[in-house]
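**Q** So the sequences go chain by chain: A and B.
Just so you know, we're using the UniProt record's numbering here: the first sequence kicks off at 1 and counts up by one.
Just so you know, we're using the UniProt record's numbering here: the second sequence kicks off at 1 and counts up by one.
Source of the hints: derived by calculation from the structure; they are not laboratory data.
Every value quoted in this text rests on a predicted model; they were computed, and no experiment measured them.
Glycine included, C-beta positions come from ideal geometry on N, C-alpha and C.
Some hints could be false.
Claimed, not checked - With beta-carbon atoms standing in for the labels, derived distance ranges:
#, chain 1, residue 1, chain 2, residue 2, range
1, A, 26, B, 271, 25 to 33 Å
2, A, 249, B, 265, 24 to 32 Å
3, B, 266, A, 143, 21 to 29 Å
4, B, 181, A, 263, 16 to 24 Å
5, A, 187, B, 187, 49 to 57 Å
6, B, 268, A, 263, 31 to 39 Å
7, B, 263, A, 42, 49 to 57 Å
8, A, 69, B, 266, 32 to 40 Å
9, A, 253, B, 99, 55 to 63 Å
10, B, 182, A, 162, 33 to 41 Å
11, A, 168, B, 168, 45 to 53 Å
12, A, 263, B, 222, 19 to 27 Å
2 protein chains.
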Amino acid sequence: MQRVGYLGPKGTFTKMAVDALFDQGSFVSFDSIPACLDAVERGEIDTGVVPLENAIEGSVHLTIDYLIHQVDQSVIAELTVPIRQHLLVHPDYNGEELTHIYSHSHAIAQCHQYLYKNYPNAELEYTASTGRAAEVVIEKGVHVAAIGNHLAAEENGLNILTPNIHDYDNNHTRFAVVQKTQRKLEVKDHPIATQKTTVMVTLPKDFVGALHQVLAAFAWRKMNLSKIESRPMKTGLGNYFFLIDVDQPYDDVLFPGVKAELEALGCTLKLLGTYPSYQLDIPSPVCQ
Amino acid sequence: MQRVGYLGPKGTFTKMAVDALFDQGSFVSFDSIPACLDAVERGEIDTGVVPLENAIEGSVHLTIDYLIHQVDQSVIAELTVPIRQHLLVHPDYNGEELTHIYSHSHAIAQCHQYLYKNYPNAELEYTASTGRAAEVVIEKGVHVAAIGNHLAAEENGLNILTPNIHDYDNNHTRFAVVQKTQRKLEVKDHPIATQKTTVMVTLPKDFVGALHQVLAAFAWRKMNLSKIESRPMKTGLGNYFFLIDVDQPYDDVLFPGVKAELEALGCTLKLLGTYPSYQLDIPSPVCQ
Numbered sequence: 001m002q003r004v005g006y007l008g009p010k011g012t013f014t015k016m017a018v019d020a021l022f023d024q025g026s027f028v029s030f031d032s033i034p035a036c037l038d039a040v041e042r043g044e045i046d047t048g049v050v051p052l053e054n055a056i057e058g059s060v061h062l063t064i065d066y067l068i069h070q071v072d073q074s075v076i077a078e079l080t081v082p083i084r085q086h087l088l089v090h091p092d093y094n095g096e097e098l099t100h101i102y103s104h105s106h107a108i109a110q111c112h113q114y115l116y117k118n119y120p121n122a123e124l125e126y127t128a129s130t131g132r133a134a135e136v137v138i139e140k141g142v143h144v145a146a147i148g149n150h151l152a153a154e155e156n157g158l159n160i161l162t163p164n165i166h167d168y169d170n171n172h173t174r175f176a177v178v179q180k181t182q183r184k185l186e187v188k189d190h191p192i193a194t195q196k197t198t199v200m201v202t203l204p205k206d207f208v209g210a211l212h213q214v215l216a217a218f219a220w221r222k223m224n225l226s227k228i229e230s231r232p233m234k235t236g237l238g239n240y241f242f243l244i245d246v247d248q249p250y251d252d253v254l255f256p257g258v259k260a261e262l263e264a265l266g267c268t269l270k271l272l273g274t275y276p277s278y279q280l281d282i283p284s285p286v287c288q
Numbered sequence: 001m002q003r004v005g006y007l008g009p010k011g012t013f014t015k016m017a018v019d020a021l022f023d024q025g026s027f028v029s030f031d032s033i034p035a036c037l038d039a040v041e042r043g044e045i046d047t048g049v050v051p052l053e054n055a056i057e058g059s060v061h062l063t064i065d066y067l068i069h070q071v072d073q074s075v076i077a078e079l080t081v082p083i084r085q086h087l088l089v090h091p092d093y094n095g096e097e098l099t100h101i102y103s104h105s106h107a108i109a110q111c112h113q114y115l116y117k118n119y120p121n122a123e124l125e126y127t128a129s130t131g132r133a134a135e136v137v138i139e140k141g142v143h144v145a146a147i148g149n150h151l152a153a154e155e156n157g158l159n160i161l162t163p164n165i166h167d168y169d170n171n172h173t174r175f176a177v178v179q180k181t182q183r184k185l186e187v188k189d190h191p192i193a194t195q196k197t198t199v200m201v202t203l204p205k206d207f208v209g210a211l212h213q214v215l216a217a218f219a220w221r222k223m224n225l226s227k228i229e230s231r232p233m234k235t236g237l238g239n240y241f242f243l244i245d246v247d248q249p250y251d252d253v254l255f256p257g258v259k260a261e262l263e264a265l266g267c268t269l270k271l272l273g274t275y276p277s278y279q280l281d282i283p284s285p286v287c288q
């Protein structure tokens with residue numbers, strides 16, 4: 001049986017991604033991204049699921065930097081999950097004044113305008129995750145609320161007082177599924193949105209137009225890039241590498257051609273993974 | 001007197017940036033990035049200081065997205081601060097066992113390997129900021145520690161038990177200084193590392209090689225780019241804009257030329273700021 005680790009506790013957005021991807025397996029919750037990736041590295045779990053972009057719980061840079069610098073793992077799938085934040089209350093709640101609202105700092109910030117308009121007097125209290133915030137409501141009672149997703153409500157027996165209180169629609173988080181030794185990934189039946197390949201490119205030095213030359217190697221082959229991000233190399237300010245998402249699977253002609261061309265320019269190219277990209281569609285919950 | 005707001009409380013890395021930049025003024029602490037930027041927007045403060053990249057407290061994406069979508073402000077300076085995390089203990093600490101270690105989740109993650117090796121049995125507890133973690137040590141006593149910077153130690157009367165416990169050297173955070181109505185910025189005497197200009201470029205649609213064409217407009221003018229990042233447009237998946245840092249001040253020839261060329265391609269270019277980039281050098285503290 002596959003052993004899947006994730007950034008927990010129960011009721012986080014990462015757990016939503018795990019539930020959407022996996023039917024069977026043993027599931028292990030970790031309290032930080034490095035702890036989860038270390039467990040994959042040591043072989044304690046087969047598969048790790050961690051936030052990769054626009055995350056609620058945990059820093060995105062942390063995931064990328066840990067994958068680049070600390071472990072030797074491949075991204076074998078990604079899942080995009082829409083971020084819908086709801087105001088969650090105790091099952092006994094009956095219109096009492098809400099004095100405190102709990103959540104992860106990013107979730108509170110994402111609902112900043114809603115809270116400012118509707119609960120200007122409530123104290124905002126920070127927790128390690130949106131899942132943890134939901135647990136606190138059960139402990140504290142009817143005068144407090146949590147901000148979290150519908151899974152956090154279900155897992156803790158809370159009611160959704162107001163759904164969709166986030167300030168932006170169309171906010172999504174990308175989750176990476178990683179493995180050390182590539183095994184077959186048994187996931188639920190999802191339509192595959194696209195096949196992607198992620199590579200890391202380092203430049204020999206900070207020279208004018210270097211990135212332009214790198215992109216030319218992709219552009220003249222008509223390889224479409226869906227994301228590009230520069231990140232510091234950790235060897236001092238001003239030294240960057242580039243993470244590039246290419247909208248096609250790895251192949252034995254185009255990618256090796258790009259690699260050879262870049263190496264001739266003094267660059268390096270490392271493959272971080274070629275993988276299916278899934279999308280999760282969550283129906284909006286009805287107000288209770 | 002200038003009114004400066006920042007992501008607080010006292011003892012955060014943002015407050016370190018404020019202390020490094022400003023001699024005089026009235027200083028106001030905010031508990032979230034949106035709250036700070038909203039106060040600038042409403043004119044309650046003249047200047048805001050918020051984390052922009054590789055932040056400890058608060059999400060970087062949150063700052064960028066709020067500047068792009070919610071407010072109309074300019075970046076008028078940036079300051080780069082080295083991130084040095086220390087293990088902070090109560091002034092009465094005398095070798096007692098540390099049962100709990102408090103900090104912001106990002107700071108705990110940044111010291112993950114140190115904690116794993118040295119304090120495998122301590123409970124890790126999360127706070128809204130590294131500054132708040134230091135306050136908790138005063139409240140809880142000698143059996144707990146905090147992870148934070150030297151300012152958090154000073155402000156709260158804590159001792160540094162072990163300095164520099166972060167897993168990576170050369171980790172830095174960039175802070176943005178923003179204003180709504182551009183006023184003269186009276187900062188302390190710092191050597192200016194470089195002059196930068198940040199622009200936002202949107203593409204007409206996700207066409208092959210679009211970014212390559214955009215970069216060509218900079219490359220043939222020999223304008224060096226120090227950072228490029230794609231971000232979702234919030235109008236649905238797959239629509240991206242690009243944030244580009246150019247290593248030179250805005251001028252009336254090159255930048256308008258780039259703008260005109262990009263507009264001819266169906267792109268838009270918006271100036272987010274042209275500003276001095278300062279660097280803060282912090283001497284490493286001695287173990288107490």
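**Q** Against each hint, give a clear statement of whether it holds in the structure.
**A** Here is how each hint holds up against the structure:
1. 26(A) to 271(B): 25 to 33 Å: violated, 53 Å
2. 249(A) to 265(B): 24 to 32 Å: Distance hint for residue 249(A), residue 265(B) holds at roughly 29 Å.
3. 266(B) to 143(A): 21 to 29 Å: violated, 54 Å
4. 181(B) to 263(A): 16 to 24 Å: violated, 50 Å
5. 187(A) to 187(B): 49 to 57 Å: Holds: the Cβ-Cβ distance is about 53 Å, inside 49 to 57 Å.
6. 268(B) to 263(A): 31 to 39 Å: The hint (31 to 39 Å, Cβ to Cβ) holds, given that residue 268(B) and residue 263(A) are roughly 35 Å apart.
7. 263(B) to 42(A): 49 to 57 Å: holds, 53 Å
8. 69(A) to 266(B): 32 to 40 Å: For residue 266(B) against residue 69(A), whose Cβ atoms are near 39 Å apart, the range 32 to 40 Å holds.
9. 253(A) to 99(B): 55 to 63 Å: Since the Cβ atoms of residue 253(A) and residue 99(B) sit about 58 Å apart, the hinted range of 55 to 63 Å holds.
10. 182(B) to 162(A): 33 to 41 Å: holds, 39 Å
11. 168(A) to 168(B): 45 to 53 Å: violated, 32 Å
12. 263(A) to 222(B): 19 to 27 Å: holds, 24 Å
Taken one by one, the earlier hints fail for this structure at numbers 1, 3, 4 and 11, listed in ascending order.
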